[in-house]
Amino acid sequence: MKKLHQITNHVLALVILFTWVFTSCNSGGRSSKKAADSLDVSTDNAAIYDDIKKAETIFYTLPSPLESAMLIKSAGALFDDRLLNPIENTKNYSTNKSLALNLGIYTCDLSFASLYDQTQLIINYMNAAKSMADGLGILDVIQQEDIDRLEENIHNTEVIMEIVSQTYLNSNSYLEDNNQSAIASIVLTGGWLEGLYISTQLVDMKDFNGNKLVGRIIDQKLSIDILMNLLGDSRGHPAIDEVYSQISRVKTVFDKITLKTTPVKAEYDQVADVTILKSQVQSDLTPAVFKELSDTVAEIRASFIR
Amino acid sequence: MKIYRNLSILTLLVFISAMSLNAQCKAFAKRTCLPELGSYTHDGNYHAAVLVEGEEAELFKTFYSDMDYRLSICGEETIPQVEFTVYDANRNVLYSSREANFVRTWDFRLEASQQLRIVIKVNAASNQGNTPASGCVSIMFGFRIKQ
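Read top to bottom, the protein sequences are chains A and B.
Taking the working numbering, the leading residue of the first sequence gets 2, the next gets one more, and so forth.
Taking the working numbering, the leading residue of the second sequence gets 11, the next gets one more, and so forth.
I should point out that these hints are in silico values taken from the structure, not numbers from a laboratory.
Be a bit skeptical, because a hint or two may be false.
Stated by the list, open to error - Within a straight-line C-alpha distance of at most 20 Å, the following computed SDA-like cross-link-like pairs (lysine to any residue) qualify: (1) Lys156(B) - Glu300(A); (2) Lys40(B) - Gln144(A); (3) Lys279(A) - Lys40(B); (4) Lys156(B) - Tyr269(A); (5) Lys279(A) - Leu104(B); (6) Lys74(A) - Gln144(A); (7) Lys40(B) - Thr88(B); (8) Lys98(A) - Ser280(A); (9) Lys74(A) - Ala122(B); (10) Lys261(A) - Thr141(B); (11) Lys292(A) - Ala122(B); (12) Lys279(A) - Thr88(B); (13) Lys279(A) - Gln157(B); (14) Lys257(A) - Met206(A); (15) Lys74(A) - Lys40(B); (16) Lys156(B) - Lys257(A); (17) Lys261(A) - Arg154(B); (18) Lys261(A) - Arg101(B).
To be verified - Covered stretches of chain B, going by a simulated chain A footprint (3 or more residues, C-beta under 8 Å): (19) 85–93; (20) 106–112.
The C-beta atom is built at its ideal place from N, Cα and C for all residues, glycine as well.
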């Protein structure tokens, strides 16, 4: 009887250990300490990862589709619906990988259409995103009432942005809460690459120097290591390994760009009630490297939407 | 045979409990943290975790020079105060909520885009000997075009 009791205690300990591991590893863009030990960091941002071993919980965050679309618009770029993934393609996606990638892609296209008041496209792309979410079994992430609310507020950009943000939050949190971090990472990758694809395609090479949109594209170099770390946490998953290998090609091109940043000084602005982080940055992106980046991104994006 | 049945029930209960904690965390993030973004647009990303007192979490994110940002960090009432510190790429401290009376939000803008590291820590309570408290901590970002 005593022996049976001991066995029960051992198994109970194992169950508790399992639970701890489960609850520690299933939240958004989050990694365990072990995964973070093998970081591959470019020299520009190497120092930021040096203290990483201190924390048990690490979040890697990419610009969301809404933020990417806002960056494109704030750079003064014009809307071009030919750059979006046609909604007719929704029927081509049946694997978890293609559904996840295109959930991110359609959400980015939806965000882009929303910020440029493309009313019919907003409805179409919300339905396309819903179709991807349904395919992934993400329950109730986009409900009919969301689409109805969208239609009722089709000229109210603020409400539309709120709905887009909410649906993206729901899909990510659903995947994270249901232990599908790998799929969540693929959704984030799809959204990020689509933003980069649209940006690179919108750059007018005749207006390359001093182009604000080119500046925003260079900024994505700061996010590529975050994305590699995020995907790196789920290596071994066949779909992730494929995506990781493709994104590595984008990193190879970004590694050809040097960013030099002056030390950051934080100053509080009493009038605006905001802290201003003062610094200056210089980069050496040439048209040739930009072309290589643009071509690489276009090629990978074409494979994602195929 | 009975032991296997009991273990199956126990495993199921533990699994349901873990799922319930996650759902609770998401509900807390949406109910408590999201409204603190105020007039800023939530970026749509979800970062929440159950942390134990004394535990730290880190977040890496790129922030852009064209935007105004609000960072909102909330912890459930079951845990002691949550503090956060923002570092630049050279590990310099740019902001510490401890020096601002443990505020839950921070508004900032950047002259040049930067990757920042945010370290979140649940302070340890002084009542030693008791089981460490745990609760949900949520991190949210709002943005708007620089005004």
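Against the structure, the hints:
no.: 1; hint: Lys156(B) - Glu300(A); in the structure: violated (33 Å)
no.: 2; hint: Lys40(B) - Gln144(A); in the structure: holds (17 Å)
no.: 3; hint: Lys279(A) - Lys40(B); in the structure: violated (32 Å)
no.: 4; hint: Lys156(B) - Tyr269(A); in the structure: holds (16 Å)
no.: 5; hint: Lys279(A) - Leu104(B); in the structure: holds (10 Å)
no.: 6; hint: Lys74(A) - Gln144(A); in the structure: violated (28 Å)
no.: 7; hint: Lys40(B) - Thr88(B); in the structure: holds (17 Å)
no.: 8; hint: Lys98(A) - Ser280(A); in the structure: violated (40 Å)
no.: 9; hint: Lys74(A) - Ala122(B); in the structure: holds (18 Å)
no.: 10; hint: Lys261(A) - Thr141(B); in the structure: violated (48 Å)
no.: 11; hint: Lys292(A) - Ala122(B); in the structure: violated (24 Å)
no.: 12; hint: Lys279(A) - Thr88(B); in the structure: violated (37 Å)
no.: 13; hint: Lys279(A) - Gln157(B); in the structure: holds (16 Å)
no.: 14; hint: Lys257(A) - Met206(A); in the structure: holds (19 Å)
no.: 15; hint: Lys74(A) - Lys40(B); in the structure: violated (27 Å)
no.: 16; hint: Lys156(B) - Lys257(A); in the structure: violated (30 Å)
no.: 17; hint: Lys261(A) - Arg154(B); in the structure: violated (26 Å)
no.: 18; hint: Lys261(A) - Arg101(B); in the structure: holds (16 Å)
no.: 19; hint: 85–93; in the structure: violated (count 0)
no.: 20; hint: 106–112; in the structure: violated (count 0)
Figure legend: structure checked against the earlier numbered hints; hints not met, in rising order: 1, 3, 6, 8, 10, 11, 12, 15, 16, 17, 19 and 20.
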